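Engineer: Letter by letter, the chains look like this.
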Amino acid sequence: MNSIQKNRLKDQLFKFWGIGCTLIGLVLLVIFIGGILVDGLSRIDWAFITDLPSRKAEKSGIWTPLMGSIWILVLTAIISFPVSVAAGVYLEEYAKKNRLSALLEINISNLAGVPSIIYGLLGLEVFVRIMNLGASVLAGALTLSLLILPIIIVATREAIKAVPNSIRDASYALGASKWQTIWNQVLPASSGGILTGIILALSRAVGETAPLIVVGALAYVPFAPQGPLDQFSVLPIQIFNWISRPQAGFIENAAAAIIILLLITFIMNGIAVYFRNKWQKKLQ
Amino acid sequence: MRKIKELIIEKSLLSSALVTIAVTVGIILVLAIEAFLFFKEVSFFDFLTDTQWTPLFTEKHYGILPLLSGTLLTTFIAISVALPIGLSISIYLSEYAPRSFRKTIKPLLELLAAVPSVVYGFFALVVVTPYLQQFMPSLSGFNSLSAGIVMGIMIIPFVSSLSEDALFAVPKALREASYGMGATRLQTAFKVVVPAASSGIIVSIILAISRAIGETMIVAIAAGQQPRLTLDPTVPVETITAYIVQVSLGDVQHGSLEYRTIFAAGITLFVFTFLLNTVSFRIRKKYREKYE
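Respectively, the protein sequence lines represent chains Y and B.
Taking my numbering, the leading residue of the first sequence gets 17, the next gets one more, and so forth.
Taking my numbering, the leading residue of the second sequence gets 936, the next gets one more, and so forth.
I should point out that these hints are in silico values taken from the structure, not numbers from a laboratory.
Treat the hints with caution; some may be incorrect.
What the hints assert, rightly or not - DSS-like mimics (lysine-lysine), calculated; alpha carbons at most 25 Å apart, straight line:
1) Y:K194 to B:K940
2) B:K1038 to Y:K177
3) B:K1126 to B:K1221
4) Y:K294 to B:K1041
5) B:K940 to B:K1107
Remember, predicted model here, so these are calculated numbers, not experimental data.
Just chain Y, with the same shape it has in the complex:
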């Protein structure tokens, strides 16, 4: 075999290696999820969704952590949405190239890389202790809002960047002010991209466990939260709690709860991808 043939062979081999690598992570994920479906699917019925937690595995349900997750989701969305979109608009439309905007930029990039558990420590000290909110849904939602702030800001900026300048120019030419242009033209045109970013960020918030444990969310709460100052648990913490128990029945419960959590995560991701595709088509 001469060296040209050898090189061609190597080239072909790498191609198959590359395909293998691309698929291996996904194949493992499918195997994992398949195993979980086998373990947990038979456990899921209406009673599993609506039952309160119990010391007996077969009587336990996910009603309180499920409601806790929904509370967290809604509050986090309400808190993080206005602040992060406003910050994104400022950085993309107003900020001049000066030291402040450079500082904001490096700071947001750094915040995106701060481990989520550190946000938990911040929330524990500021929201739980200093603001005296206790281990409440509100304290948890505020903590997660700070966590997803950089994600939504980056998504908002990308979406606004994608709006062609001709739209802005046309608006200015009609005599609109800067804010009128942003409010009536730029934001509607970028809304699909912003929405995608928010849904993706919220789907991450739903799966977060560590910061909420640090803030003081409980593994066992007898009732679903009634208001923002109530104690709470969330699905991932319930799963974590069930995994840590030795009895086999709880592992089955954990698998069943994971199916519900994955369902929520994947549906949110699916909706986000749908909005992004629709928006990108419209933009073109």
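Add chain B to chain Y, keeping to what the hints say.
Structural biologist: Below, chain B without anything else, positioned relative to chain Y:
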């Protein structure tokens, strides 16, 4: 009137942007103050050199090294998994794969990172560890090996996605020159494209490392809760993040020394990830200037 309204709007948007600065300042202040109070009672020298971490036992030791070694060990294993696979994926997708395949597979790969980490922890403990025990009977039920491997799978898209962007941004002309000399795709990829995109690839690796250091639930579930200064991947260890979770789950009095240990551990974690993130931001900035 209109001018005033515009100005008010601009200022309120600016104040939203400044919230991000407040978050950073808040994190640093909270960690620094609590860690300062911690170091009033525990000597900084002991913290860095003592080889035992037992704040919850009667005989207390406050050496961060066991937690640090646990963190670095799981991170090392995760990167050993994610780096070769992630890089191969990025080279395959940018240099070999047909466009349509690339377009469908990218969002699917992102899905790996979208799965909540508590779910990966379940995989590591319930699936991977028992599977590995078939070949390694001495493997403990909690170990850094399976936690690290599963964490590696989770961060594959962090390496592959950013590296692929960097490879894809390399100008076509460089590739064509290489093909014109008779090089194969493989030779072009490794001798021309990868070196040209090296800064972007390094950024992706640094970010993946920073991600692995801060990952919590996988290690809290599958790596155990025994601080141990070791490089043996088959025994239980404890990472910085897992320790914070362990203390948070218990009933620790606010203001006690035990309470402050989680902030001392937290500031160590923060310093590491902050350095890594800053370095990667610098490299990215430089590299962006190079191509634009």
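Engineer: With reference to the structure, classify each hint as holding or not holding.
Structural biologist: Going down the list of hints, with the structure as the test:
no.: 1; hint: Y:K194 to B:K940; result: holds, 11 Å
no.: 2; hint: B:K1038 to Y:K177; result: holds, 22 Å
no.: 3; hint: B:K1126 to B:K1221; result: holds, 22 Å
no.: 4; hint: Y:K294 to B:K1041; result: holds, 18 Å
no.: 5; hint: B:K940 to B:K1107; result: violated, 49 Å
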